[in-house]
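With chain A's structure known, arrange chains B and C on it following the hints.
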Amino acid sequence: MFRRSEQDKRPQVQIFVDGVAVAARQGDTVSAALLASGQDARRSTAVSGAPRLPYCMMGVCFDCLVTIDGVGNRQGCLVPVAEGMQIEIQKGKREIGR
Amino acid sequence: MSGDYDVAVVGGGLLGSAIAWGLGRLGKKVAVLDEGDITKRASRANFALVWVQSKGLGMPAYTVWTVQASQAWGRLASELKQQTGLDVALQQNGGFHLTLGEDEFGQRAELVKRMHNQAGAADYKMEMLRPSEIKKALPLIGPEVSGGSYCPLDGHVNSLRTFRAFHTGFKAFGIDYFPERPVSAISKSGGEFRLTTPEGELRAAKIVLAAGNANQTLAPMVGLYAPMGPTRGQVVVTERTMPFLPHPLTTIRQTDEGTVMIGDSKEDELDDRTLKPSISGVMADRAQRMFPHLSRLNVVRSWSGIRVMPQDGFPIYDQSETHPGAFVACCHSGVTLASNHAFEIARMVAQGALEPELVGAFSASRFGGAGAANSSGY
Amino acid sequence: MTVAPKREDYDVVVIGAGPAGLAAAATSAEAGLSTLLLDENIGPGGQVFRAIASTPVTERNQLGADYWVGADLVQSLRASNAEVIHRATVWSLDRNLDIAVSIGGASAFVKAKRVILAIGALERPFPIPGWTLPGVMTAGAAQTMLKSSALVPDGRTVIAGQGPLLWLLAAQILRLGGRIDRILDTTERGNYFAALPHAFAFLTSPYFAKGLSMMREVKAKVQVVSGVTELAASGDGQLASVSYVAGGKRETIPTDLLLLHQGVVPNVNLAMAAGIEHRWDDLQLCWSPVLDASGNSSVAGIAIAGDGAGIGGANAAVVRGRIAARAAVDALAPASAAKLPATMATLRSDLAKAERGRLFLDTLFRPAPQFRIPSGDTIVCRCEEVTAKDVLDSVAIGATGPNQLKAYRRTGMGPCQGRLCGLTVTELMAQARGKTPQEIGYYRLRAPVKPITLAELAAVPKSEADVKAVVRG
Chain A
1 MFRRSEQDKR PQVQIFVDGV AVAARQGDTV SAALLASGQD ARRSTAVSGA PRLPYCMMGV
61 CFDCLVTIDG VGNRQGCLVP VAEGMQIEIQ KGKREIGR
Chain B
1 MSGDYDVAVV GGGLLGSAIA WGLGRLGKKV AVLDEGDITK RASRANFALV WVQSKGLGMP
61 AYTVWTVQAS QAWGRLASEL KQQTGLDVAL QQNGGFHLTL GEDEFGQRAE LVKRMHNQAG
121 AADYKMEMLR PSEIKKALPL IGPEVSGGSY CPLDGHVNSL RTFRAFHTGF KAFGIDYFPE
181 RPVSAISKSG GEFRLTTPEG ELRAAKIVLA AGNANQTLAP MVGLYAPMGP TRGQVVVTER
241 TMPFLPHPLT TIRQTDEGTV MIGDSKEDEL DDRTLKPSIS GVMADRAQRM FPHLSRLNVV
301 RSWSGIRVMP QDGFPIYDQS ETHPGAFVAC CHSGVTLASN HAFEIARMVA QGALEPELVG
361 AFSASRFGGA GAANSSGY
Chain C
1 MTVAPKREDY DVVVIGAGPA GLAAAATSAE AGLSTLLLDE NIGPGGQVFR AIASTPVTER
61 NQLGADYWVG ADLVQSLRAS NAEVIHRATV WSLDRNLDIA VSIGGASAFV KAKRVILAIG
121 ALERPFPIPG WTLPGVMTAG AAQTMLKSSA LVPDGRTVIA GQGPLLWLLA AQILRLGGRI
181 DRILDTTERG NYFAALPHAF AFLTSPYFAK GLSMMREVKA KVQVVSGVTE LAASGDGQLA
241 SVSYVAGGKR ETIPTDLLLL HQGVVPNVNL AMAAGIEHRW DDLQLCWSPV LDASGNSSVA
301 GIAIAGDGAG IGGANAAVVR GRIAARAAVD ALAPASAAKL PATMATLRSD LAKAERGRLF
361 LDTLFRPAPQ FRIPSGDTIV CRCEEVTAKD VLDSVAIGAT GPNQLKAYRR TGMGPCQGRL
421 CGLTVTELMA QARGKTPQEI GYYRLRAPVK PITLAELAAV PKSEADVKAV VRG
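Residue numbers (full-length UniProt numbering), protein chains in the order written: chain A, 1 to 98; chain B, 1 to 378; chain C, 1 to 473.
Honestly, the hints are just simulated from the structure, not real lab data.
Even for Gly, the Cβ is constructed at its ideal location relative to N, Cα and C.
Certain hints may be false.
[To be verified] DSS-like mimics (lysine-lysine), calculated; alpha carbons at most 27 Å apart, straight line: (1) Lys462(C) x Lys266(B); (2) Lys113(B) x Lys389(C); (3) Lys81(B) x Lys389(C); (4) Lys135(B) x Lys29(B); (5) Lys339(C) x Lys6(C); (6) Lys6(C) x Lys111(C); (7) Lys113(B) x Lys135(B); (8) Lys28(B) x Lys171(B); (9) Lys266(B) x Lys113(B); (10) Lys136(B) x Lys81(B); (11) Lys29(B) x Lys81(B); (12) Lys171(B) x Lys389(C); (13) Lys81(B) x Lys28(B); (14) Lys468(C) x Lys171(B); (15) Lys136(B) x Lys113(B); (16) Lys113(C) x Lys339(C); (17) Lys113(B) x Lys125(B); (18) Lys339(C) x Lys266(B).
[Said to hold, decoys possible] Here are some of the chain A residues that sit facing chain C, going by a computed Cβ distance under 8 Å: (19) Ala50; (20) Tyr55; (21) Arg98.
The shape of chain A in the complex, shown without the other chains:
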C-alpha cells in the first residue's frame, strides 16, 4: 500500500510483528512501520470483530490500536519504534493483564 522513497537515509530499526522481524526506520511510528512493512497489520474491533487499519495517523481515530511490548490498546501512530520492539496485532477486546 505504501513504499519508502529512496531519499530516506535514516538508520534501520528492527522490530518484531507477531514474532516476525520487520525493518523499520528510526523515527517511524509503529503504525507507519506496520503500513510500510507490507504485512497484514489489520486489527479487529472490540465491538464486532471487523478488520481495521489506521485511519487518521494523528492520534484521533484509535483505529491504530496495537499491543506494544505486552501492553494492549496503544495508539501505534503516536509511539516511535525502538530496536527490538515487540508488536502484536490485536484481535478483539484487550486481554486481561495486557
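Then chains B and C, alone, in the frame of chain A:
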C-alpha cells in the same frame, strides 16, 4: 399533543419510563412528558446495579420492597426482550462489596449485623467473607482486599439498554413520548389534570410525578410532598476488555459490552457539567487495589451525575388527597426498582389507589410537617 | 527521553506545538514569562509542519516552501527559554487552569496563570459507505506518513474529496514518485457561484497563485474527475474498489488505497471539556469557540489560537498564536511587552492579511450534504459501530440530541470520544428533526479527553475530602 390521556407521566427517565411502560402494558392511554438532551438525568449516569444488600437499614419495608423488585426483574427483562428484541443483559448471580484493610472490614461486618438484627426485614442471606473464600468467585482480587460482604440476590443489568428498551416499547404500547416538554404548572379542573408545557397544555385523568429531584417543586402543585436531598456522584469507565469479573461489586462492574465501570462518589456539589479528577483518582486507586491487573487498563471516560435522592434515602410513593388521581414516585434506585415500578406501581396507578400494605411505608407523611419548605437545593 | 515538567506553576502553558503553539510559546518566553509547551507528537510542527525537525524528505522543493516556514518557528522556539515536552498528552484542563498531562505513562499536574490552547484541527469526518475498511484513510494520514517517514502510496490509489490540502497532498505524492490513479473532486458545482462574490480577496491572496500552479501540476499527471456526487468504498475485509457517480454516470474502479479529505475542523474536545463556550459555525459547518479579538475564551485565563479557534490556515495560526501570547504578556507582565518585536496593532494587521481569501475557500470547499450526512447502513460512529439508520431509529423513539443518543446507542462512548462522529451526529439529528445544529448541540465532554491508564488516574493528588467522598463506610 392534543387528545386526552388516561395518565400523564411527568418525567421520562428510568422511573417514569418504567411506570409509563407498565401502564401501557395494561392498555392505558399514556403520555410521557420529558425534558430535552441536556437535563440532569440519572438514568444515563447510574451504576446499573440490581442491588439488594445493605438496602433498608432503618426501614424494613424498603428491604422487602427491594427483594420483591429483585425477584421480579427476570420477568421484566424477558418481557422487554420479547417486545423489543433488546437483551438488557440481566445477571443475578450474587454480588460483592469488597473492603480494603481491617477497619473497612469491621465497619462492613457491623452493618451486616445491624441488618440481620433489624426486625421485619426479609432475610436475603447477606454474609461476610474473608479473601480466601472471595477468591473462589473472584480469583483476581489483590492482596489488600481484607474481605467483603456477599449477597446471592444481587445482580446488575445494562441500564442504558433498559432505558432504550422502555422507550422502544412505548411505540408498541401506543404511549406518546414528548421530549422537550418540561412541565411548569399543573392544575385540576373538570375532573382532569391540565399540565402546562412550552408546547401547550396536555390533559389527563391521572398524573404520575416521576421527575426525580424536580418532584420537590412539582408535588406541591397537586397537594403532594416530596422532600429531596440530591447529591453528586462520579463514575469512571474503561475501554472494553475481555470478561474477567463474573460478579458485580458495589463499586466495580464489567458491562456486557466489556467496559469496566468504577464508582462512585457522594458530593454536595450539584453541577453535573464538571467533575473532580481527584475524586475519580480515589475511585481509580481503590479499584486497582481491589484488582491490580486493572491498573493498565485505559480509562476512556468519566462523568458526574446528580442522584435522585429523597431526603431520608428511602423511596417516596404517594397519592394526593386534595387532588385525587395525582401520584408521586421518586427513589434513588431507579434501576433496582424498575420491575416494581413497571408491574406494581403501574398496576396501582391504573386501579386509582396505592395499596397501603405494599407501599404505605413510603408515604411522604413519614417526614411529618408535610408541606414544610426544605432547602436541600438543586 | 520522557521528562516531567520542571515546575508546578507556570505563567503560561501552551498546549500543542503546531504553528500557533510554536509561535505562542516563543513569544511568551521571549517576554520573560515562564512558559511550558506541551505537545502530543514525537516532535514539533503539529500536523502542517509535521516532522519539521526530523523529516527524511531532504529535497526541499518536494514538500514546498510553505512547509519549511515551520523550521524558522522551531528555531525561534529553541532560541527562547520555553520548556518543551513532547509525547505529552494533556487529559484534563479545568476552570482553575489546573492541567493534568500524561508523559511516558505517568501523569504530571501543573498550574498556569494563562493557558493558550493551540490544539489545532482534525479532518472532518467523511462518512461514506465503506469508510471503515482497511485501505481507506484520510489524506492527512497519507501526508503525515509522507512527511515523517517519506512513505508514498504505491498500490492503486484514489484520492477523493475537496479542499486545498487534497491538491497539496497529490502534488507531494507525485513529487516523491508515489502513485495516484485518479482524483475524485467532490466540490459542488453551485459552490463556484456562491464563492464568486469573495473571489477578489482570494485572487489577491497568496493562496491563489500557489493553488493554481499546484492544481496544474497535478492535473498534468493524474486523471481528475470533477463533479462527483456519490462515493462509496467496498471490499471484503479490505478495500477492493471505489465507486462514484459523476455527471450522472456511475463508475467503479479497483482500488487498494482510498484517501479521503473534505477539509478540517477545530479539535474541540479539550476546550469543551474545560467548559469553553462554542457556537455552530454555519459557513465552516463545525463548532467554533466563542473568542474575543485576542483569542480569550469564555473561561477566564484560557485563550485559543490556531485552527482550534476556527479554521484559518497555518499563516493565520502563527499570528493568532502571537496575539494570544502577547495578550498574556500584557496581562501578566505589561512592562515586558515592550521587548516583543511586534505591537498588537501590527499583529492584527498581519492577521487580516493572513485571513485574506479564507471566505472564498470556505465557500468554495463547503462540503456537500451527502458527504456529511450519511444514510442507511453507513457507519457514523466508528468506535461503537453505530450506523446512520441506528441514529435515525433513536430519533424516532425520542432522542432529541447527541447525549440522549449516547444513552440509546453508545455513539461517542468509545476511545475516540466523539472526534470522528460528533459532527455527523449533530448534523444528522438536526436534519432528521428539522432543527439547526446549534439547537441540537454536541456531546457533553469531560476529562479525561484522551484515554489514560487507571494507574495514572489513581496517581492524581487527592485530599482527605476526596477520600471521604468515596469511602463512606
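Ascending list of hint numbers which this structure does not respect: Hints 2, 4, 10, 14, 18, 21 not satisfied by this model.
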